[in-house]
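Build the full structure now, drawing on both the sequences and the hints.
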Amino acid sequence: MEILVCVKKVPDPAENEIAVRRDGSDIDRDDLVYSVNEWDNYAVEEAIQLVEEHGGSVTVVSVGDEESDEIIRRELAMGADAGKLLDDEAFHYSDGRGVAAILAHAARQAQYDLILTGAQAEDAAAQVGGMLAAMLDLPYASLVVRVEVKEGDKLEIAREIDGGNLEINEIDLPCALSIQTGINEPRYVGIRGIRKTASVEVPVLGAAELGLDPGTVGRAGAKVRKLDYFVPELGQGAEILQGSREEIADQLIARLRGRGVIQ
Amino acid sequence: MLNKIDNALVPPAGTAILGMPMAYVYLLITCAGICLFAYILHKRLRPLLLAAPDPRLDRIGERIGKVARIWLGQWRQPRYLLAGIIHIFIFAGFIILGLRSLQLILMGFWQGASLPGLDGSTGAAYNLVKDYAATWVFVACIIAAVRRGVFRPARYQVPPSLGKDHLGEALLVLGLICALVVSESLFEASLQNAAARSGAAVSASPLTLLWAGRLILGGLGMPTLQAVNSLSYFSHEVVFFFFLCFLPLGKHFHVLTSLFNVFFMRLDRGKVKPVRNGVAEDQLDDLPEFGVSKLEDFTWKHILDFYTCADCGRCSDRCPANRVNRPLSPRFLTIKARDHVCAQYPLWGKTAGAEQELVGGIYSDDELWSCTTCGACEQECPLGIEYIDKIVDLRRGLVDLGRVPQSLQKPLGALEKRGNPWGKSQRNRADWAKALAEEFAVTIAGPKQPVETLYFVGSVSSYDERMQRIAQATARVLRHVGVKFGVLGKAENDGGHEVRRFGEESLFLALRDANTEAILNSGASRIVTADPHDYNALKNDYRGIPPVMHLSQLLSQELERGGLALEQGPYADKTVVYHDPCYLGRHNGLYDEPRRVIDAIPGIRRVEMEGNCRDRSFCCGGGGLALFYEPEEEQRIGVVRVSMAKQSGAQVIVTACPFCLANIEDALKIAGLDQKIEVIDLMELVEQHLPVARRAAAGG
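Protein chains in written order, with the working numbering: chain W, 1 to 263; chain Y, 1001 to 1700.
By construction, these hints were calculated from the structure, which means they are not laboratory data.
Worth double-checking, as some hints may not be accurate.
Claimed, not checked - No farther apart than 30 Å at their CA atoms in a straight line, the calculated lysine-lysine pairs in the DSS-like style are these:
1. Y/K1251 <-> Y/K1336
2. Y/K1273 <-> Y/K1336
3. Y/K1448 <-> Y/K1490
4. Y/K1410 <-> Y/K1273
5. Y/K1271 <-> Y/K1424
6. W/K226 <-> Y/K1417
7. Y/K1336 <-> Y/K1424
8. W/K196 <-> Y/K1417
9. Y/K1336 <-> W/K226
10. Y/K1273 <-> W/K196
11. Y/K1410 <-> Y/K1294
12. Y/K1669 <-> Y/K1646
13. Y/K1336 <-> Y/K1294
14. Y/K1424 <-> W/K196
15. Y/K1271 <-> Y/K1410
16. Y/K1434 <-> Y/K1490
17. Y/K1484 <-> Y/K1448
18. Y/K1490 <-> Y/K1410
19. Y/K1350 <-> Y/K1336
20. Y/K1669 <-> Y/K1410
21. W/K196 <-> Y/K1294
22. W/K196 <-> Y/K1350
23. W/K196 <-> Y/K1410
24. Y/K1271 <-> Y/K1417
So this is what it looks like as structure tokens:
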């Protein structure tokens, strides 16, 4: 099974204290560290496990800048077979549709049976997976938490629906899936793993290599533009109970009783 | 006269059965026994030859010292008093009776065989000693058998998931030992009785097995005595060679391997073995794999450890992970490996070629992540078996395969990017010092602002809100004793102590290199720290940096030379107990310094957690990455520890490690003891009894 996984470099909220720039144009990026989007990491792990079981290869692709190279190498160290970096000045400030279009061009460069994206990115709008599937005219399922290969070029997939319940679907290959966290336990990649991929070449493809009209993507092609970032103002209504542990527990019980939550 | 005794009966080499001279039979048994033994040893040695290198021929003097103390002196045995004393008697008996057994074997085919030094008066003295040795061995074996078979100490139990009880083998071996000393005594008794009948004056030392044997055989005629003599000789011969060949098949291999295992044992505490002996750090990237994933990846010494384990269970008895039913028992870490070696390298038939993965095979992932590297197991083992290096090596193998628990991946990723496990910004690393701003400014050391003494703060004391108070207290105390110090600020990275011990060697090396550069840039000529994990890392894992001291050492020295005097304060009338942090105590031998500092507070009453203090201290649950790992366990390790503190009657637990403080503070809450017992770091305790603090308190 030939699998393409789309990954993205994001500022990791666990490792950054995110602050908005005074003018609201962006977050403050001076002291940020980046990592691979968590959902994408699960997608790559899922692809590697599918290939380990059923054969084939995993290609990782990322729309990004030269620093995204490290993200791709991290996924190579996990076990992906090849990586491509899609980087061109014309791609900058793409909206979701623009990113999907760039990825779609990369996907058309080879025959993939399965295209995986993360269900969303930590810094974005959970839109690329679906748009990419539509542009490639592929069947699509979102929030996938289980993938099983069935006979006759089909997958059985489980999707997470409300309340943690699962919805089981059958889907024809080739298809595109967006992967939810928790589908597997991604393997660890350390410095040594990344260093081992130093000799692997990660080609950088721009608009020309992808056969893409630069006017349709990037700032030029964007139909959605960011206007502002802001930190919400502190609201009213929160109350912190005071006293010893027992007193706090008693107050809490009294309030819950008062509202009829417990009898 | 000796000859008269020796010739009272036909000696074994002169007897014959159905016309066949028994000398040939005994020679045959001896040769066959030795050949079989050599064959078994050869099979057992093979995996050692295929295993990873491990240079252990350095510091011979120290090694001989270890042998003299731990092997010959049986130094660690009485830590478990009854079992230890029984063992000392049996061990001494073996040493003494080995010579006698050799003499007996030679007698079988060599009439008049005698060993140099075993005639004349030395021979008589030896005979006296060996008769008593045989007797005490017999008695000790009976006590041991009753203890194991009837009283069944919990330490020897085998969980059902790990196979059958080992009682059968233990009793069999005790039986074989008894058979050896009884047959030897009957052989001698029949000879003496026969000699006495011939009119020779012979006497057995009273209350020996020999003496009892002579009583039992009293009144028997010459032919019967001859029969008893020949039969007991034959029994001794057969049992001896059976026992010899049986030893390498199980836990009694230690009878043969212990001397070597102790000689080759680890000499340095607190250190971790390199990824692969003989491979320099800058060549590590060329290694296709890190750590241990299959049997032969272990070093030969580690496989010798597996052979040497006597199954005494002391390691697991002291293991905090085992105590709270985490899926780790050091005893079975070894025993499962020994069974695996024996299965992979069978005595008969082909060596199993399958390179079975150890983790996922005999070990589970959780088993290996459960270890806190507290070192209690190694402290206890009477045979010098090592555990930490093996666990670290197995973890390295898992890390290399990417098999790291999810709960550890986040902190490892953050350590890589931010130099601390929480992923906080490096810019905020010295924020703890802001609280001191009104009193004094803490120098950020660097090439432009060199300092003499560098205070290495450590990640947890830099970022954790509670532990920052330790850093603040440390700074105040340092200032009080007149030490001009600086910190590295954002140039400081996590010391990497647990990163290395959790098997992430490459990340450790990166952290170490970054810290080394920053330390050298600071111009410091000494380093001090209040964190035992950083202390151990800087002292034992780093190279080419100035010497490092734990604050308890520095304060102990200051007290001694009069540079520090503590006064009455809030804890002066309280009963306190000191909890030994593993990496201060067991791994670095600093037991007395922190106690000396506590005792310098006038009026304070210090008690001990008897039986669980000093080198028998019980881990708090582990530091560094261990704080992030979520093991399966019945209760927190720290909860067991605070129940020990409660028993000691203390109102305050004093520790000298931020991780201990964190774990014990949590444990007190979980155990519902937080209203009764308080925990405080040594630095905070000292800070509150500084003369200045008192004046300030009085003034304020």
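Cross-check of the supplied hints:
1. Y/K1251 <-> Y/K1336: 12 Å, holds
2. Y/K1273 <-> Y/K1336: Since the Cα atoms of Y/K1273 and Y/K1336 sit roughly 22 Å apart, the hinted pair holds (cutoff 30 Å).
3. Y/K1448 <-> Y/K1490: Given that 30 Å is the threshold and the Cα spacing comes to 15 Å, the pair holds.
4. Y/K1410 <-> Y/K1273: 26 Å, holds
5. Y/K1271 <-> Y/K1424: Holds, at roughly 29 Å.
6. W/K226 <-> Y/K1417: OK: W/K226 and Y/K1417 at ~29 Å, within 30 Å.
7. Y/K1336 <-> Y/K1424: 42 Å, violated
8. W/K196 <-> Y/K1417: 18 Å, holds
9. Y/K1336 <-> W/K226: Between Y/K1336 and W/K226 the Cα gap is close to 61 Å, so the pair fails against 30 Å, i.e. violated.
10. Y/K1273 <-> W/K196: 23 Å, holds
11. Y/K1410 <-> Y/K1294: Judged against 30 Å, a Cα distance of about 27 Å means the pair holds.
12. Y/K1669 <-> Y/K1646: 13 Å, holds
13. Y/K1336 <-> Y/K1294: 13 Å, holds
14. Y/K1424 <-> W/K196: 28 Å, holds
15. Y/K1271 <-> Y/K1410: Between Y/K1271 and Y/K1410 the Cα gap is close to 26 Å, so the pair holds against 30 Å.
16. Y/K1434 <-> Y/K1490: It holds: about 14 Å lies between the C-alpha atoms, which stays within 30 Å.
17. Y/K1484 <-> Y/K1448: 16 Å, holds
18. Y/K1490 <-> Y/K1410: 21 Å, holds
19. Y/K1350 <-> Y/K1336: Roughly 21 Å separates the two Cα atoms, so the pair holds.
20. Y/K1669 <-> Y/K1410: 26 Å, holds
21. W/K196 <-> Y/K1294: 22 Å, holds
22. W/K196 <-> Y/K1350: 37 Å, violated
23. W/K196 <-> Y/K1410: 21 Å, holds
24. Y/K1271 <-> Y/K1417: Distance ~26 Å between Y/K1271 and Y/K1417 Cα, so the pair holds.
Of the numbered hints listed earlier, those contradicted by the structure are 7, 9, 22.
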